[in-house]
Amino acid sequence: MIISKSKFGKYCMAKVDLGSENFQRLSSLPGYKKWIGRDLMFDPTGANIDIIRKHWPDAKWSEDTQPILNKYIESLKEAQETLKYKEQELPTNDDFKFKTKPFEHQRRAFYMSRDKENFALLMEQGTGKTKVIIDNAAYLYANNKINTLIVIAPNGVHRNWISNEIPAHMPEWCPSKMMYYQSSISKTKLEKSFNDVYTSENCLKIFAFNVEAFVSKKAVDLITKILLSTQSMIIVDESSRIKTPGAKRTKLITKFGKFAKYRRILTGTPITKGPVDVYSQFRFLNSNILGYDSFYSFKARYCIMGGFENRQIVSYQNIDELTKKMEGHSYRVLKKDCLDLPPKIYQRYYVDLSPKQRKLYDGLKKNFITELEGSSLSAPEAITRLLRLQQIICGWFPLEDKVEQIDDVNPRLLALKDILSDINGKVIIWARFKADLRAIQKTLGDLAVSYTGEVSNEARAIAVQRFQNDDSVKYFIGQPQSGGIGLTLTAAQYAIYYSNDFNLETRLQSEDRCHRIGTKSKVTYIDIESPKTIDTKIIKALRDKKNLADYVNQDPVSLFLTEKES
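To get the working numbering, take the position in the sequence shown, counting from 1, and add 846.
Just so you know, these hints were derived from the structure itself, not from any lab.
Beta carbons: idealized from backbone N, C-alpha and C, even for Gly.
Any given hint could turn out to be false.
[As the list claims (entries may be wrong)] In the EDC-like style, the derived pairs of lysine to aspartate or glutamate whose C-alpha atoms are separated by at most 20 Å in a straight line are: (1) K947 to E935; (2) K1038 to D1067; (3) K1104 to D1139; (4) K1170 to D1139; (5) K923 to E933; (6) K1280 to E1250; (7) K900 to E920; (8) K991 to E1018; (9) K930 to D961; (10) K1145 to D1123; (11) K1064 to D1042; (12) K962 to E935; (13) K1101 to E963; (14) K906 to D896.
[Unchecked claim] The following label-pair restraints were derived from C-beta to C-beta distances: (15) P937 to K1263: 52 to 62 Å; (16) S1267 to G1299: 20 to 30 Å; (17) K1280 to E1047: 42 to 52 Å; (18) D940 to P1013: 33 to 43 Å; (19) I1308 to D1268: 27 to 37 Å; (20) S1032 to P913: 43 to 53 Å.
Using the sequences provided together with the hints, build the complete structure.
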């Protein structure tokens, strides 16, 4: 007999013959399990239910087990419906009145997902997944399925939903009232803003929270109040922000999801490091989709472990199976398949290190220590050393509480000025370090606006508007970590990477700020690279990660960071 302990504390049973072969199969069930005599107690996850149904199709399930089994079967049926919808013709006449006309891929995403309790829009950046969600929320509101929409997004992006996206796409016939969370305002002002929306009637109530806010009890209390008293759809925009299973905010947001009627995740980069990235994102939707409620069990199925004490992921397995599970509950679309967008063009601009930079760089690389005019810099740990080496490449010598310029004239800043002198049109300049961002802003003056961690939310919003609409503003200076996600910067024809880091997600996201719906001309990406330094290694690392992500996402291998002739 198989005994399964459900999440509700009940024991669930399925009777089977317990021969030696069955005993071996049962012992290999993933996740928590325990033999009590000849009875096996285990977690009733989708993977376990699937194994039992495959090997013992005639097993008799107890009455307590039936709700869990039915929910899993329902999840399988939803997956089959999704797969069929990907192939069938769309209706010729819409039964939904859109405010802004959708592209065909947006119509397909809307019809495919609109009635699903759980769905992932894995649409590449710039293909308009935000509009799909807004239309979906209006549809569910009109059908009395929800009265509240909760948006969780990166800081700044959550405000963009309220300020730009919803006013642009929410149908006129759907009354709505909305607010976005601000940690910087007083408790009194926040409560008033919240209550104005929370107590409103006969409209769709919309609340936008930044994902970083959930370190605050204030934000947690507000979202809890909403979920416990409304019929909600909760969405996580840029859901890779919850890809780390053990992170506090991942656990918290997953818990929030269980109280909502409908759940959505949105991301164009579901995988940036490896297949393990998808576990928490899909678990937020429903653990039955991938079939695992334990990250350990998930890794055992899809990862090959090795290295020190067998704790490192060295390879992957059963990827076709994982991809198929995702495909049944998601819609993946690439810009090249759905939009008549001009191509991306990649170029490199090489700049040699100055003699001072080269000496400091080589000294730190070889000896883990280097010195400039009596000040020494030590970086024995590999990750710190990589950071310090990159700072030297960019022209800075890090001291204990500040950075010092290495040369009177920074070669990389000169290279940037050289590049800009040959460009007609608007340019985005991405840089990793604060010192670089300040130096670039000082160099470009009133021709540039900045979108960095040192700029207020109000000033950031103004910077985006001016870059998009003000002809006197030629340059947008930003950090990919803060400005590379959720913004529309289609006025740019060029994007210059003054410096990169190893994070593939920030690279891909930042590239698509100017290559999305609304882009009219080709976009050129220029990487400033110092030969024979970690610049080259960073670009190679980004490409290697891109190739792995392409494989799992079923994207074709792109020419990411490969130069094209313009």
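Comparing the hints with the structure gives:
1. K947 to E935: Holds, because 18 Å separates the two Cα atoms, which is no more than 20 Å.
2. K1038 to D1067: 15 Å, holds
3. K1104 to D1139: Judged against 20 Å, a Cα distance of about 14 Å means the pair holds.
4. K1170 to D1139: 18 Å, holds
5. K923 to E933: Judged against 20 Å, a Cα distance of about 16 Å means the pair holds.
6. K1280 to E1250: 12 Å, holds
7. K900 to E920: 17 Å, holds
8. K991 to E1018: 19 Å, holds
9. K930 to D961: 15 Å, holds
10. K1145 to D1123: Holds, at roughly 11 Å.
11. K1064 to D1042: Status holds; Cα separation ~17 Å.
12. K962 to E935: 19 Å, holds
13. K1101 to E963: This hinted pair holds, its Cα atoms lying about 16 Å apart.
14. K906 to D896: 14 Å, holds
15. P937 to K1263: 52 to 62 Å: 55 Å, holds
16. S1267 to G1299: 20 to 30 Å: 29 Å, holds
17. K1280 to E1047: 42 to 52 Å: 47 Å, holds
18. D940 to P1013: 33 to 43 Å: Taking Cβ atoms as reference, D940 and P1013 lie about 21 Å apart, which means the hint is violated.
19. I1308 to D1268: 27 to 37 Å: 29 Å, holds
20. S1032 to P913: 43 to 53 Å: 46 Å, holds
In this structure, only the earlier hint numbered 18 is contradicted, and the remaining ones agree with it.
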